[in-house]
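Student: Given chain A, work out where chain B should sit, using these hints.
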Amino acid sequence: MAVVSGGTTLIDNGALDAGVPTGSLTLLSTQTASASATIDFTSGIDSTYDSYVFKFYNIHPSANTAAIQFQGSTDGGSSYGVTMTSTIFTVLHTEDGAETGFTYQAGDDIAQGTGFMKLHRHCGIDNDMSQNGELTIYNPSSTTFVKHFMSRFSGSWHAPGEMENFTAGYFNTTSAVNAIQFKFSSGNIDDGIIKMYGVA
Amino acid sequence: MGLISNGTTIFDNGSMASGFGGSLNFISKVTASSSSSIEFTSGIDSTYKEYIFYMVNIHTSGDGDNFQFNLSTDGGSTYAVTKTSTFFRAGHDEADTTTELTYITGRDRAQSTLDQVLHQNLGTGSDESMSGYLRIFNPASTTFVKHFLSEVSANNTNNKLEQNFIAGYANTTSAINAVKFVTSANLIESGDFLLFGVS
Chain A
400 MAVVSGGTTL IDNGALDAGV PTGSLTLLST QTASASATID FTSGIDSTYD
450 SYVFKFYNIH PSANTAAIQF QGSTDGGSSY GVTMTSTIFT VLHTEDGAET
500 GFTYQAGDDI AQGTGFMKLH RHCGIDNDMS QNGELTIYNP SSTTFVKHFM
550 SRFSGSWHAP GEMENFTAGY FNTTSAVNAI QFKFSSGNID DGIIKMYGVA
Chain B
32 MGLISNGTTI FDNGSMASGF GGSLNFISKV TASSSSSIEF TSGIDSTYKE
82 YIFYMVNIHT SGDGDNFQFN LSTDGGSTYA VTKTSTFFRA GHDEADTTTE
132 LTYITGRDRA QSTLDQVLHQ NLGTGSDESM SGYLRIFNPA STTFVKHFLS
182 EVSANNTNNK LEQNFIAGYA NTTSAINAVK FVTSANLIES GDFLLFGVS
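In the order they appear, the protein sequences are chains A and B. In terms of this note's numbering, the first sequence opens at residue 400 and continues consecutively. In terms of this note's numbering, the second sequence opens at residue 32 and continues consecutively.
Think of the hints as simulated: they come from the structure by calculation, not from any bench. Beta carbons: idealized from backbone N, C-alpha and C, even for Gly. Check each hint, because a few of them may be wrong.
Chain B stretches covered by chain A per the calculated footprint, using a threshold of three residues with CB under 8 Å from any CB of chain A [as the list claims (entries may be wrong)]:
#1 134–140
#2 174–180
#3 194–201
Not the full set, but computed from the structure, chain B residues with beta-carbon under 10 Å of chain A [as the list claims (entries may be wrong)]:
#4 I35
#5 S54
#6 F119
#7 H123
#8 T204
Okay, chain A solo, but in the shape it has when bound:
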């Protein structure tokens, strides 16, 4: 059954008409970690949207001081090791006020490497600690351009304190990136939710 109003088709064949305004941030999938070694998004990343946003809520590691990190795939998730170049800087303030930091993390950036890129460093493991933020990947299906990404995280530093992480970079490939994997540098993703959105 179609729904037509004033001569305009609103709904037909099980879908909203493309002309119906729905907002530009569309939830594509949600994954909830439960002592998970990895969280993989292997479908839904294609040419449908200009960019894809991953949102992270209460990501909690099993290993103290581990880093939450990611890599991309050009083969649907069979392998994760796309060459990338990236930056990372952090902002830090401990609860006792004794330490602040505003630092480029030269040891955690990547220069034409195929390793996993850190999104948040030195995550705390206390029960009330977690990491929150988002990662945007721009036009991953392009076969012309390299694929840029940016992220910003607010999370619990293990000391304890607040640590904010900014990362940016690009997958240095003109092949389409069609899968993304998240994992900690050691241990599991104990808990947390990762949502993937498309931005029209």
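Tutor: Frame of chain A; chain B shown alone:
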């Protein structure tokens, strides 16, 4: 009554089915008018994992005021949640004599219940204001502390642009259910505050 098209449920029980519609859900808007504070005491609950406040053209009555916020766990009766945070900014003046990229130790918080500054020394020229956003993650959690992120761009008192980056957490496992915006000394003369939930 539900609405089903070609076997797919589009609407049912008064709402659109998952997968349809956008994920940025408007909750409420408050417009300041010589207001001593702007408070959001409803709509912040477990419905969404993320709440975003957009602050548009916030204009204060006192030159050099700071603009700041605090959080409540009792529905707005009190606003004094313990916070630890960071604050850095980029700046550039109109005369092109000053640039900066600096961590601001006086505006961060270390286990403090004081308001968190989002901008310091706001200008009050008729064309000057502050705009930006504040995100709060999973405020209803009773397990985790509540992290927040903010970025604002504003006119400073001395014809200088400042872009501030603030991050931190409310160090409580009680649910956060109200947010208050104030200046350090005077009124919020004008400006729009829009609250969204991300589904």
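Student: Indicate, hint by hint, whether the structure satisfies it.
Tutor: Results for each hint:
1. 134–140: The restraint on the segment 134–140 of chain B holds, since 4 of its residues have a Cβ under 8 Å from chain A and three suffice.
2. 174–180: Since 6 is at least three, the answer is holds.
3. 194–201: Contact hint for the segment 194–201 of chain B vs chain A: holds, 4 residues under 8 Å.
4. I35: This interface hint holds because 7 Å falls under the 10 Å limit.
5. S54: holds (5 Å)
6. F119: F119 of chain B check passes; min Cβ-Cβ to chain A is 6 Å, inside 10 Å.
7. H123: violated (18 Å)
8. T204: holds (5 Å)
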